[in-house]
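Student: The residues making up each chain are set out below.
Number of protein chains: 2
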Amino acid sequence: MRIMRAEQFGLKREVEYGTPEQNASALKIVGDVKAEGDAALLRYSEQFDGVKMVAEELSVTREEIEAAYSDVDERFLTAIREAAVNIRTFHEKQKRNSWMDLSSDGTMLGQIMRPLKRVGVYVPGGKAAYPSSVLMNVIPAQVAGVPEIVMVTPPATGGKAGIDPYILVAAAEAGVREMYRVGGAQAIAALAYGTESIAPVDKITGPGNIYVALAKRAVFGAVDIDSIAGPSEIVVLADENADAAYIAADLLSQAEHDEMASAVLVTPSEALGEAVAAEVERQLATLPRAEIARASIDSYGAVLLVDSIDEGIAVVNQLAPEHLEVLTADPMKLLGHIENAGAIFLGPYSSEPVGDYFAGPNHIIPTNGTARFSSPVNVDDFMKKSSLIYYSKEALLANGDKIMTLARHEGLEGHARAIEIRLEKEGGSGA
Amino acid sequence: MRIMRAEQFGLKREVEYGTPEQNASALKIVGDVKAEGDAALLRYSEQFDGVKMVAEELSVTREEIEAAYSDVDERFLTAIREAAVNIRTFHEKQKRNSWMDLSSDGTMLGQIMRPLKRVGVYVPGGKAAYPSSVLMNVIPAQVAGVPEIVMVTPPATGGKAGIDPYILVAAAEAGVREMYRVGGAQAIAALAYGTESIAPVDKITGPGNIYVALAKRAVFGAVDIDSIAGPSEIVVLADENADAAYIAADLLSQAEHDEMASAVLVTPSEALGEAVAAEVERQLATLPRAEIARASIDSYGAVLLVDSIDEGIAVVNQLAPEHLEVLTADPMKLLGHIENAGAIFLGPYSSEPVGDYFAGPNHIIPTNGTARFSSPVNVDDFMKKSSLIYYSKEALLANGDKIMTLARHEGLEGHARAIEIRLEKEGGSGA
Chain A
0 MRIMRAEQFG LKREVEYGTP EQNASALKIV GDVKAEGDAA LLRYSEQFDG
50 VKMVAEELSV TREEIEAAYS DVDERFLTAI REAAVNIRTF HEKQKRNSWM
100 DLSSDGTMLG QIMRPLKRVG VYVPGGKAAY PSSVLMNVIP AQVAGVPEIV
150 MVTPPATGGK AGIDPYILVA AAEAGVREMY RVGGAQAIAA LAYGTESIAP
200 VDKITGPGNI YVALAKRAVF GAVDIDSIAG PSEIVVLADE NADAAYIAAD
250 LLSQAEHDEM ASAVLVTPSE ALGEAVAAEV ERQLATLPRA EIARASIDSY
300 GAVLLVDSID EGIAVVNQLA PEHLEVLTAD PMKLLGHIEN AGAIFLGPYS
350 SEPVGDYFAG PNHIIPTNGT ARFSSPVNVD DFMKKSSLIY YSKEALLANG
400 DKIMTLARHE GLEGHARAIE IRLEKEGGSG A
Chain B
0 MRIMRAEQFG LKREVEYGTP EQNASALKIV GDVKAEGDAA LLRYSEQFDG
50 VKMVAEELSV TREEIEAAYS DVDERFLTAI REAAVNIRTF HEKQKRNSWM
100 DLSSDGTMLG QIMRPLKRVG VYVPGGKAAY PSSVLMNVIP AQVAGVPEIV
150 MVTPPATGGK AGIDPYILVA AAEAGVREMY RVGGAQAIAA LAYGTESIAP
200 VDKITGPGNI YVALAKRAVF GAVDIDSIAG PSEIVVLADE NADAAYIAAD
250 LLSQAEHDEM ASAVLVTPSE ALGEAVAAEV ERQLATLPRA EIARASIDSY
300 GAVLLVDSID EGIAVVNQLA PEHLEVLTAD PMKLLGHIEN AGAIFLGPYS
350 SEPVGDYFAG PNHIIPTNGT ARFSSPVNVD DFMKKSSLIY YSKEALLANG
400 DKIMTLARHE GLEGHARAIE IRLEKEGGSG A
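In order, the protein sequence lines correspond to chains A and B.
So in numbering that gives the first Met the number 0, the last spot in the first sequence is 430, and the numbers never skip.
So in numbering that gives the first Met the number 0, the last spot in the second sequence is 430, and the numbers never skip.
Bear in mind the hints are in silico, worked out from the structure with no lab data behind them.
Certain hints may be false.
As the list makes no split between identical chains, a pair holds if one copy fits it or if it spans any two.
Stated by the list, open to error - Here are the simulated lysine-lysine pairs, DSS-like style, with alpha carbons at most 30 Å apart: (1) Lys424 x Lys332; (2) Lys94 x Lys332; (3) Lys116 x Lys94; (4) Lys392 x Lys92; (5) Lys392 x Lys332; (6) Lys116 x Lys92; (7) Lys332 x Lys116; (8) Lys424 x Lys392; (9) Lys401 x Lys92; (10) Lys94 x Lys401; (11) Lys51 x Lys126; (12) Lys401 x Lys126; (13) Lys51 x Lys27.
Using the sequences and the hints given, assemble the complete structure.
Tutor: This is how it looks when you write it as structure tokens:
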């Protein structure tokens with residue numbers, strides 16, 4: 000693991016946006032499903048997933064979901080149920096009420112909060128199918144009050160129902176009642192535009208391969224989409240008191256995700272930096288996903304030396320990491336200075352997997368420096384606001400002149416006249 | 000104005016996304032400014048705005064802003080100050096605090112709310128320079144607590160400072176202290192990547208021409224951007240008691256914006272529909288922007304007849320209009336049924352210009368049906384959330400096994416080991 004001065008490090012990862020051929024392919028699939036509906040959906044499922052279905056088989060049945068329960072490990076079920084409770088509890092605190100503000104002249108102004116009506120969650124197949132991500136996508140939507148939450152996931156990835164039973168159980172535990180065995184760009188198109196079998200949604204969330212990502216981008220505008228997540232990151236800010244073995248384990252838990260993941264230690268202690276680098280080597284020796292983790296550590300990992308914790312915080316704010324662990328003597332007192340970080344883990348027992356799986360906050364967090372301006376997935380992502388304006392006759396008569404002055408300055412006489420016609424009729428001065 | 004049954008109407012407007020040539024041009028400008036900084040910025044200002052400047056002249060001086068005050072009408076100043084107070088009061092109610100949730104096992108979970116650090120507001124030049132839009136873009140950022148709000152606007156659009164004094168005064172009243180006389184795609188690139196004279200921002204908001212829109216799309220990811228607004232819309236839902244002249248005036252105030260604007264009346268009363276259509280003709284005769292308004296009414300305007308107000312509400316929810324006026328006997332009782340509308344104006348005295356200029360809610364509202372899933376500009380758009388996770392040793396020991404079970408099911412042994420190494424050292428069961 001490289002050890003260097005912080006100013007020598009520049010974390011830049013170009014995110015893959017697909018080749019022109021991949022883009023053309025995604026657009027063609029989306030266009031075909033939009034035009035032909037189920038027929039195209041089934042044709043592409045056969046072509047890409049090798050599964051021949053009729054339209055009636057797209058929907059996952061209640062019986063299949065029940066059967067999935069007998070295929071999952073009891074300890075898994077206990078753990079995911081408790082995780083779901085924690086996630087729900089945390090996200091419920093994010094929920095906001097509509098409000099109204101009343102004035103003595105009769106004016107009422109307000110903000111109405113409403114859930115989206117129908118949301119589609121994409122769950123990838125194969126090894127990228129994470130039950131924990133199903134919870135993290137579905138529960139915020141459910142807490143928001145979205146009445147219809149639909150899951151789509153590609154068929155033929157094993158298990159009785161052609162879908163990983165762990166995914167079915169996670170979705171059922173999170174509260175999904177409507178599931179379809181369809182994946183890829185064709186599934187995104189079906190969610191965006193609807194087919195005979197699948198009603199269209201208002202928003203599509205969840206990760207997928209490059210074709211899924213390109214299809215999501217193509218349908219954006221017709222529906223909302225979540226942001227496209229980049230490779231995962233952790234930054235650990237630590238002083239000389241921190242445990243090198245803990246830090247190494249946490250860095251590796253990030254590095255094992257993907258060769259493009261980034262795991263960085265920022266510390267004023269050269270001794271700690273060296274100890275962590277050595278521990279990373281030691282722990283890598285027995286890690287099942289050592290090959291991936293090593294590629295990540297070699298390309299995007301580093302120990303960054305700084306003169307002080309204050310300088311370390313400045314480095315953290317510049318990196319704006321997805322995950323930040325603070326392992327210093329008194330981490331809480333640094334909190335006010337941390338401006339840019341998606342999720343902040345304080346102290347030696349708040350290892351990142353605590354948040355990835357269990358504690359309650361969302362594990363879908365802005366990557367690649369976008370924590371500067373964006374937020375972890377939250378209940379607001381599944382709600383919309385409407386402004387409410389009620390003016391009394393009294394309020395309009397008192398303020399009509401000012402509104403007309405502003406409208407006329409902007410050359411919008413029609414706006415002024417919409418006020419004037421009322422002032423004239425209702426007895427105010429229309430001048 | 001067309002009168003038809005609601006089911007015959009399909010509001011579909013293809014929004015302009017630019018030609019390939021326009022796109023290439025915007026990308027080249029962005030790339031040049033990113034690479035060359037001020038030099039490219041000044042070169043393009045000369046090329047497109049015909050203004051030859053040195054870098055020191057980019058910044059609008061304090062003296063210019065003060066001078067602008069003597070060029071604006073006193074009544075305008077009074078009106079815009081009162082509007083600014085109303086807008087600030089409304090948006091302050093949107094602001095949210097950070098929160099923490101403490102458990103008896105020592106766990107602390109929270110959500111930290113922070114303003115973005117630096118925001119750039121684009122204000123178009125010429126006739127599209129609306130002081131009211133300056134307020135609507137700037138004040139929510141200011142209420143969010145954004146410490147640095149920068150305005151850019153093209154030079155040479157009149158007035159002493161080469162910038163419309165009304166725009167300078169509106170920006171100053173809204174609290175902007177940093178302004179640059181630069182526009183177009185080159186201004187967007189400068190805000191996104193920074194130059195020697197202009198420090199980069201975290202988010203860019205505000206409307207512009209097609210090159211500005213394409214440049215914003217190109218820099219998205221490096222910075223956040225607001226959504227690209229489509230043509231404006233109003234839907235009026237009215238029963239037989241409503242005043243036809245008021246409705247016609249409100250429809251025309253929308254139609255005068257732009258040939259692609261849409262103004263629609265939904266009513267169960269054929270008599271009202273006919274009266275409104277006649278009133279629209281009558282009022283059009285003397286409207287200064289009659290040509291624009293007529294084109295809008297002819298192409299995208301309509302009276303839609305429904306069987307009942309209930310059916311009318313269903314039509315409204317399908318259209319998901321930017322602005323909705325409800326002019327029925329008891330508009331408040333319909334509020335719960337209105338699912339999709341960006342801003343809702345209730346009763347005969349809440350004419351849309353009341354909200355466009357003065358009442359307080361934002362006038363930048365989702366268009367083209369996107370009120371189904373998005374919201375008017377608000378304080379949240381200028382804040383970001385960070386999750387906070389603090390687990391005590393006790394909490395980790397109690398829950399470590401469940402976290403490891405979930406991690407191991409997903410094949411992420413490194414995640415499990417980050418927990419296990421702590422359980423082993425701290426005396427919990429690592430099984």
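Student: Compare the structure with the hints numbered earlier in the document and write down the numbers of the violated ones, lowest to highest.
Tutor: Nothing - there is no hint that the structure violates, so all of them hold.
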